[in-house]
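Novice: These are the residues of each chain, in order.
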Amino acid sequence: DGGITQSPKYLFRKEGQNVTLSCEQNLNHDAMYWYRQDPGQGLRLIYYSQIVNDFQKGDIAEGYSVSREKKESFPLTVTSAQKNPTAFYLCASGHRGAETEAFFGQGTRLTVV
Amino acid sequence: SQQGEEDPQALSIQEGENATMNCSYKTSINNLQWYRQNSGRGLVHLILIRSNEREKHSGRLRVTLDTSKKSSSLLITASRAADTASYFCATVPLTQGGSEKLVFGKGTKLTVNP
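Those protein sequences? They're chains A and B, same order as listed.
Numbering-wise (the working numbering), the first sequence opens with residue 1 and increments by one.
Numbering-wise (the working numbering), the second sequence opens with residue 1001 and increments by one.
To be clear, the hints were calculated from the coordinates, so they are not data collected in a lab.
Honestly, I wouldn't trust all of these hints.
Unchecked claim - As a list, the in silico DSS-like pairs of lysine-lysine whose alpha-carbon atoms are at most 27 Å apart: (1) A:Lys57 <-> B:Lys1026; (2) B:Lys1101 <-> A:Lys9; (3) A:Lys83 <-> B:Lys1101; (4) B:Lys1070 <-> A:Lys57; (5) B:Lys1070 <-> B:Lys1101; (6) B:Lys1101 <-> A:Lys71; (7) B:Lys1101 <-> A:Lys70; (8) A:Lys71 <-> A:Lys14; (9) B:Lys1109 <-> B:Lys1056; (10) B:Lys1056 <-> B:Lys1069; (11) A:Lys57 <-> B:Lys1101; (12) A:Lys9 <-> B:Lys1109; (13) A:Lys14 <-> A:Lys83.
Claimed, not checked - Where chain A lies over chain B, by a calculated footprint (3+ residues, C-beta under 8 Å): (14) 1043–1049; (15) 1101–1110.
We put the beta carbon where it would ideally sit given N, CA and C, even for glycine.
In isolation and in its complexed conformation, chain A is listed as follows:
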């Protein structure tokens, strides 16, 4: 089946640890995005990538890092520098071009314990 897959669905992290969230798509999309969603809030853009080996910071990139070594994959690392990492993380992908819709994964809920 074609789609975008995030794993794991739930993730627990101890303070001071880095953790990597996985996002894989088999839709042949060039563009991929990471968003953070806090309770009752909208989606805030962390990083986005429009092509392999290139990515740009979004509005809240501090404390996060990404890589885009393959078209299908756009992993997000939440580093220990992120002061308040507990949130719902959403990955999306889409074709290049402004008039494209975004396809979302089912999200990863990260909790710091």
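Go by the hints and put chain B onto chain A.
Specialist: Structure of chain B alone, referenced to chain A:
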């Protein structure tokens, strides 16, 4: 920064009634999109309206766009309990660099009571 602001933040209606949600945004846009999110899930694309369009329909959905007021509205007619979800507007801002980032608002939480 979030580009869009939805209004109201929450809306509760009875099944069969119409639901109207509004979105205001700050900068010039290429297009505006509406998405739906069921609780704890990813978002699903509903409809896209271009900056040179004023109205668009898709099934029970009607979207309007007023670029002079930088606002859009989403109307769901004859609502059903299954329409219960959060609805977000998203814009693709016009930029010189041609960035294609999609910027979301805070959403309207719709509850349709059976």
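Novice: Would you mind marking each hint as holding or not holding in the structure?
Specialist: Results for each hint:
1. For the suggested pair Lys57 of chain A and Lys1026 of chain B, the alpha carbons sit about 20 Å apart, so the restraint of at most 27 Å is met.
2. Under the criterion of a C-alpha separation no larger than 27 Å, the hint pairing Lys1101 of chain B with Lys9 of chain A is consistent with the structure, at around 25 Å.
3. Note on Lys83 of chain A and Lys1101 of chain B: the hinted pairing holds, with a Cα-Cα distance of about 25 Å set against a maximum of 27 Å.
4. Pair hint Lys1070 of chain B plus Lys57 of chain A holds up; C-alpha atoms about 26 Å apart against a cutoff of 27 Å.
5. Among the hinted pairs, Lys1070 of chain B with Lys1101 of chain B is consistent with the structure: their alpha-carbon atoms are about 18 Å apart, no more than 27 Å.
6. Taking the CA atoms of Lys1101 of chain B and Lys71 of chain A, the gap is near 17 Å; set against the 27 Å cutoff, the hint holds.
7. With a CA separation close to 20 Å, the supplied pair Lys1101 of chain B and Lys70 of chain A stays within the 27 Å bound.
8. Of the supplied pair hints, the one linking Lys71 of chain A and Lys14 of chain A is violated, its CA atoms being roughly 31 Å apart against a limit of 27 Å.
9. Simply put, Lys1109 of chain B and Lys1056 of chain B have alpha-carbon atoms about 22 Å apart, close enough for the 27 Å limit, and the pair holds.
10. A threshold of 27 Å between alpha carbons decides the hint, and for Lys1056 of chain B with Lys1069 of chain B the separation of about 17 Å falls inside it, so the pair holds.
11. For the given pair, Lys57 of chain A sits about 10 Å from Lys1101 of chain B by alpha-carbon distance, which is consistent with the 27 Å threshold.
12. The straight-line distance between the Cα atoms of Lys9 of chain A and Lys1109 of chain B is roughly 23 Å, inside the 27 Å bound, and the hint therefore holds.
13. Distance check on the hinted pair: Lys14 of chain A and Lys83 of chain A sit about 12 Å apart at the alpha-carbon level, within 27 Å; holds.
14. For a cut-off of 8 Å, the count of residues in the segment 1043–1049 of chain B with a CB near a CB of chain A stands at 4, and the three-residue condition holds.
15. Evaluation of the coverage hint for the segment 1101–1110 of chain B: fulfilled, as 7 residues show C-beta separations to chain A shorter than 8 Å, against a requirement of three.
Of the numbered hints stated above, the single one contradicted by the structure is hint 8.
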